[in-house]
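Engineer: Chains as they are written, first to last, in our numbering: chain A, 1 to 334; chain B, 1 to 351.
A hint or two may mislead.
Sample of chain B residues at the chain A side, in silico, Cβ under 10 Å [as the list claims (entries may be wrong)]: (1) Leu118; (2) Val123; (3) Arg126; (4) Ile127; (5) Ala130; (6) Val142; (7) Arg150; (8) Asp154; (9) Gly157; (10) Leu269; (11) Val276; (12) Ile320; (13) Phe322; (14) Met327.
Derived from the structure by calculation, the hints contain no laboratory data. All residues carry an ideal CB built from backbone N, CA and C; glycine is no exception.
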Amino acid sequence: MTPLAEERRTLSPTWLFIMAYFCALFLYGALDFGFAGAIVMVFSGILQGMLIFMVAAGFSIIFGLLDVLNFAQGGFFMVGAYIGVTLYTSIPPESMSRGLAFLLSLGAAILTGVVMGAVIEIGLIRPLYKRPVFTLLLTFGISAVLREVVHAIWGAAPLPPPDPPDFLDGKFALLGQDFSVYRLFIIAIGFLMMFGVMLLLRRTRIGIIIRAGLHDPEMVEALGIDVRRVFTLVFIVGTVVATLGGMVVTPFRGAYLEMGDEFLLGAIIVVIIGGLGSYEGTAVASIMVGFTRAVAAQISLEYFNAPVLEELSILAVMVFVLLVRPSGLFGREE
Amino acid sequence: MVPRLRRFLAENWAYLLALAVLALLPAIVGLLTGSDPTPRRGGNESTYWQGVFIQIYIFGILAISYNLMFGFTGVLSFGHALFFGIGAYIAGIATNELGVGFGVGCVLALAVSAVLGLLTGLVSLRIKGAYFAIFTMAIAQVFFVLAKNRLLADITGAEDGFFFIVPQWLTPTPKNRLTYYYLTLLIFALVFVFVRRIINSPAGRVFLSIRENEERAQTIGYNTLAFKLLSIVFAGMLASVAGILHVVFNQRHALPGLFGATYTVDPLLASLVGGVGTFSGPAIGAAILQLGETLLRGIEFTIGGTTIQVAEYWMMVLGIIFIIVVMALPQGVVGTWMRWRARRRLDPDRD
Numbered sequence: 001m002t003p004l005a006e007e008r009r010t011l012s013p014t015w016l017f018i019m020a021y022f023c024a025l026f027l028y029g030a031l032d033f034g035f036a037g038a039i040v041m042v043f044s045g046i047l048q049g050m051l052i053f054m055v056a057a058g059f060s061i062i063f064g065l066l067d068v069l070n071f072a073q074g075g076f077f078m079v080g081a082y083i084g085v086t087l088y089t090s091i092p093p094e095s096m097s098r099g100l101a102f103l104l105s106l107g108a109a110i111l112t113g114v115v116m117g118a119v120i121e122i123g124l125i126r127p128l129y130k131r132p133v134f135t136l137l138l139t140f141g142i143s144a145v146l147r148e149v150v151h152a153i154w155g156a157a158p159l160p161p162p163d164p165p166d167f168l169d170g171k172f173a174l175l176g177q178d179f180s181v182y183r184l185f186i187i188a189i190g191f192l193m194m195f196g197v198m199l200l201l202r203r204t205r206i207g208i209i210i211r212a213g214l215h216d217p218e219m220v221e222a223l224g225i226d227v228r229r230v231f232t233l234v235f236i237v238g239t240v241v242a243t244l245g246g247m248v249v250t251p252f253r254g255a256y257l258e259m260g261d262e263f264l265l266g267a268i269i270v271v272i273i274g275g276l277g278s279y280e281g282t283a284v285a286s287i288m289v290g291f292t293r294a295v296a297a298q299i300s301l302e303y304f305n306a307p308v309l310e311e312l313s314i315l316a317v318m319v320f321v322l323l324v325r326p327s328g329l330f331g332r333e334e
Numbered sequence: 001m002v003p004r005l006r007r008f009l010a011e012n013w014a015y016l017l018a019l020a021v022l023a024l025l026p027a028i029v030g031l032l033t034g035s036d037p038t039p040r041r042g043g044n045e046s047t048y049w050q051g052v053f054i055q056i057y058i059f060g061i062l063a064i065s066y067n068l069m070f071g072f073t074g075v076l077s078f079g080h081a082l083f084f085g086i087g088a089y090i091a092g093i094a095t096n097e098l099g100v101g102f103g104v105g106c107v108l109a110l111a112v113s114a115v116l117g118l119l120t121g122l123v124s125l126r127i128k129g130a131y132f133a134i135f136t137m138a139i140a141q142v143f144f145v146l147a148k149n150r151l152l153a154d155i156t157g158a159e160d161g162f163f164f165i166v167p168q169w170l171t172p173t174p175k176n177r178l179t180y181y182y183l184t185l186l187i188f189a190l191v192f193v194f195v196r197r198i199i200n201s202p203a204g205r206v207f208l209s210i211r212e213n214e215e216r217a218q219t220i221g222y223n224t225l226a227f228k229l230l231s232i233v234f235a236g237m238l239a240s241v242a243g244i245l246h247v248v249f250n251q252r253h254a255l256p257g258l259f260g261a262t263y264t265v266d267p268l269l270a271s272l273v274g275g276v277g278t279f280s281g282p283a284i285g286a287a288i289l290q291l292g293e294t295l296l297r298g299i300e301f302t303i304g305g306t307t308i309q310v311a312e313y314w315m316m317v318l319g320i321i322f323i324i325v326v327m328a329l330p331q332g333v334v335g336t337w338m339r340w341r342a343r344r345r346l347d348p349d350r351d
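For reference, chain A alone in the conformation it holds in the complex:
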């Protein structure tokens, strides 16, 4: 548990490193692919970073506050996507505007997250807080079950990406390249989650209770607050971030069984780079990794004509960061 006062310390060498890293990537991109190419890479990097962040955010919240490594996070992401898409495509267009249907589906995804999070935390995780390795193994099992349940209900075929509502549809031109508005929307939602959760934890009464409850549960109990409910709430926040994220990306990627696992590895890498338990670290590392992937993708396309470097590049970044700072960029020292 992080002492509350320590959270505000500044780590300027870390920030310097991050900024230098971004500048180096951008400079390389600008030199090799031209200024416009570099801007496009920044854009697609942020987008990829946000996709990873949607899985990583919940992982980071749940680990940072509850010390539970939750491998089911990818499963939550996938379930949110399937439920959302199914509702969104099954509402007939005549009955209500697409925009409203979209909002309803987002609501359904959130509700799924709340229910799933509450059931899993109360029923399965709560008895195991004293045995950390076992919670991790448990979430392995949960993720396998979630995947198979979705497989049993929806089958193995992926659900195609639905059309987004009108106000999010369409394209805009950026430096001679076309981009869909929906990508901007994903980025916006990603940033909203980032700052929303940060504000929730830092500036609201609930956030204060959560942090206090983790710092000194007995004291908080003495004040008449049920700490177990606080834990459940944290778990639900982590789950909801994932299910909502899952629904948000569907008009862009569709829904498919592997979507959770696919993003989970990236998400874990991001959380590790940022430092386990640091939400800010996860946010920064997501964008870092997204940007790295975008540049690596461009390089592989240009020089190898095959997707070679994407995954290796982010793994390399992680290995490098860990060797230099064994607890990640913003992780607490052990």
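Given the coordinates of chain A, work out where chain B should sit on it, guided by the hints.
Structural biologist: Same frame as chain A, but now just chain B:
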């Protein structure tokens, strides 16, 4: 001499009995099913069951190796598939590309996985706990990406994999099945004895003390890093033995999937089901899972007009087993049984 033998028998009769049964198993199955254990051509029920048990032994070796590191030394790794895959790939590539014999290839594979174990182990000096576990996962993933990459296709065959060149007597045909059965059983038994011997040695005691409390072991004066390295290197080498045996059994076909998460999760699950930190637990866990899958595969039942085939939902069954074991049987089958027996011995009201 005789009292020592008697003590040995008294302590190990269960293991010896199990070994005897397993050694006679092909004959027993042959009698029960009325099929020839050594058919001249074509497979029959005997060779089928030999195959099932060969897989149990291979899977058991993998689980035992994982348990040596995780159960006895307390090093959590999510990248055990790295060693499983690297053993197979190096052994195969060495024989195919360097033109050495298969035996030499295997030795080379063991050497490479020892070195890799040493390198990843050295990193554990700096990176601890969950970070280390995920670090190992990343390393395994690096090799997975490399193995399926088109750039190295000449050597690895990329997504399609490549085939081993093995001596005639190892070729996986029904005729050779029985030889392979005894080979894997022998290696399995040797691995079992080896791990037991290590854990009961002074070095093994240090492993256990690292698991219980690494700082305390350090304070007493042990170089815990050296012992952790030893444990990781042994575990890695045993896992690569399992990898080589696995590929030879599966039509000599090595695929990038050998580096996949399955071969990390399976031994973890087997250790857990059988009992983490027990000798026979991982092997029994491996047997339970493998037999469970084999037996459940054929089962189908009908509820309200829809026929459900269990095989299709095997992953779900596995997940549920995972959850149940974690929640209800954290010591695993063997661990729970040992506790029950210990409690009965202490019970004064017995008899």
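Engineer: Compare the structure with the hints numbered earlier in the document and write down the numbers of the violated ones, lowest to highest.
Structural biologist: 1, 8 and 9
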